[in-house]
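All chains should be built: construct the whole structure from the sequences, respecting the hints.
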Amino acid sequence: MNALSSSRGQLWTPTRRRFLTGSLALGVGAVAGSSLLSACGSGDGGTSGDSATIDFWQWYSPQEGGSYSVAAQSTWFADLADEWNARGGAQVRLTYIPIAEYIEGTQLQSAFSAGEGPDMFVISPGDFLRYYNGDVLYDLTDALGSAAGDFYASAMSSRTVDGRVYGIPMESEPLTMFYSIAAFEEAGLSEGDIPATWDQLLTVADRLTTGSRFGVLFETSPNVYQNFTWYPFLWQGGGDVVDDSGLASAFDSPAAAAALKFWQDSIAAGVAPRTMQGGGGGDLVANLASGYTAMAQMVTAGGSFLEAGAPDFEYGMFPLPVPEAGADPITDMGGWAFCVNKNSANAEAAAEFCAWALAGEESVDRMVAWAFDAKKSLPVRKSVMQKAADEGLFEQDSLMAYAAFDVVGLDAAALDSDDTPFGRGEPRFTPEVVKAVTDAVQAAQLDGVDPAEAAGQAHEQIDAALAGYDGAPLGS
1 MNALSSSRGQ LWTPTRRRFL TGSLALGVGA VAGSSLLSAC GSGDGGTSGD SATIDFWQWY
61 SPQEGGSYSV AAQSTWFADL ADEWNARGGA QVRLTYIPIA EYIEGTQLQS AFSAGEGPDM
121 FVISPGDFLR YYNGDVLYDL TDALGSAAGD FYASAMSSRT VDGRVYGIPM ESEPLTMFYS
181 IAAFEEAGLS EGDIPATWDQ LLTVADRLTT GSRFGVLFET SPNVYQNFTW YPFLWQGGGD
241 VVDDSGLASA FDSPAAAAAL KFWQDSIAAG VAPRTMQGGG GGDLVANLAS GYTAMAQMVT
301 AGGSFLEAGA PDFEYGMFPL PVPEAGADPI TDMGGWAFCV NKNSANAEAA AEFCAWALAG
361 EESVDRMVAW AFDAKKSLPV RKSVMQKAAD EGLFEQDSLM AYAAFDVVGL DAAALDSDDT
421 PFGRGEPRFT PEVVKAVTDA VQAAQLDGVD PAEAAGQAHE QIDAALAGYD GAPLGS
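At position 437 of the sequence shown (counting the first as 1) the number is 437 in full-length UniProt numbering, and the numbers step up by one without a gap.
Quick list of the computed label-pair ranges, beta carbon to beta carbon: (1) A52 - E453: 53 to 59 Å; (2) Q107 - A268: 34 to 40 Å; (3) A52 - S245: 42 to 48 Å.
Honestly, the hints are just simulated from the structure, not real lab data.
All residues carry an ideal CB built from backbone N, CA and C; glycine is no exception.
As structure tokens, this is what we get:
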């Protein structure tokens, strides 16, 4: 099989993996929900743990199988807990919640609403305001100390309010496009056919579509992850959800209508499906490796899920297409953060654990291992990024080099810079604003509503939701 190469950039050809790159932009995760927490803890601590245990809810460990299960990620969390517990004091207990529950957010929300939230948990920027405005999050600033300055601003800003830190990010995951090499070759497509614009993507998707396979897949489930994957197309056209004040909608714009129409056109043309397989659009094993689609969006960590769930599947990656040639190839940078329940009887110990695990002096090697060996997500600390570069890890790992230098646009000679030319941190919005965007995407994508009309309706919903708003600032 001949490796595809890209006229837009350099080709890397790791063992069993081929990556198309461009001269293009850090990370994802997202948790969905439709309302603010109705309760956020109880007077007796509001935690499911006891006085000697830090109950840590997350979707990595102990591994229970499924498309999102990666043994290296489960082991990393288990080793982290074991190392901490060997120190004595409050013990960390890992509680595994399936990713579907985390994406929909129902189990975590329900626990807090019942006053039984865990001592610790992970959330994405997309759901930060649900928990901050719900008065759930513990202030981690003092526990983090001067280590806060080691984090990239794009990762830390969405977890900070008035200079105080309420979540410590563990990674940054840039959104990109994955494709099946076999599907491309079967359709007679070559390196010159790698789509750079929206129109080109739809054209290529049409050639890849068969009676049993769709050409491209965009998330259709109404949740924060869908919003996360749609935002870059809004941004690429110069649009946004709210204005610079963060208190008024900016959604009724040509950019919003165009981005909505792009996704609508993919469904109308029959090149994209209305339903997802497996665990949703991000489940590359169930959707891409299975042959259900030939191209799909996912964060670069999707490579680790494919490696674990479909080790013989050959795939490539290319940057998100843009509205027209010459437009900035903006992408979304998500990722998860450790957070602490402020009502936990063990909040102080849990905060110490968070800082030790993700920002302690001895944690650099640990976070390099998470980024390069376990998750395939970019480091959010400058010292970790520099350590990886000094050890030549980017030369050894083409996926990570592609994520850092092509998708995000980092300068290899200035890894201590906060500048990510093509990467924008995943924004944080209230559940009401999230739902307004979701409703617009769903209406245009699946119901055939005129995109400009859908954008206008969402604009009114957002303005109504922000009238009198007095919570933490919105945006990225």
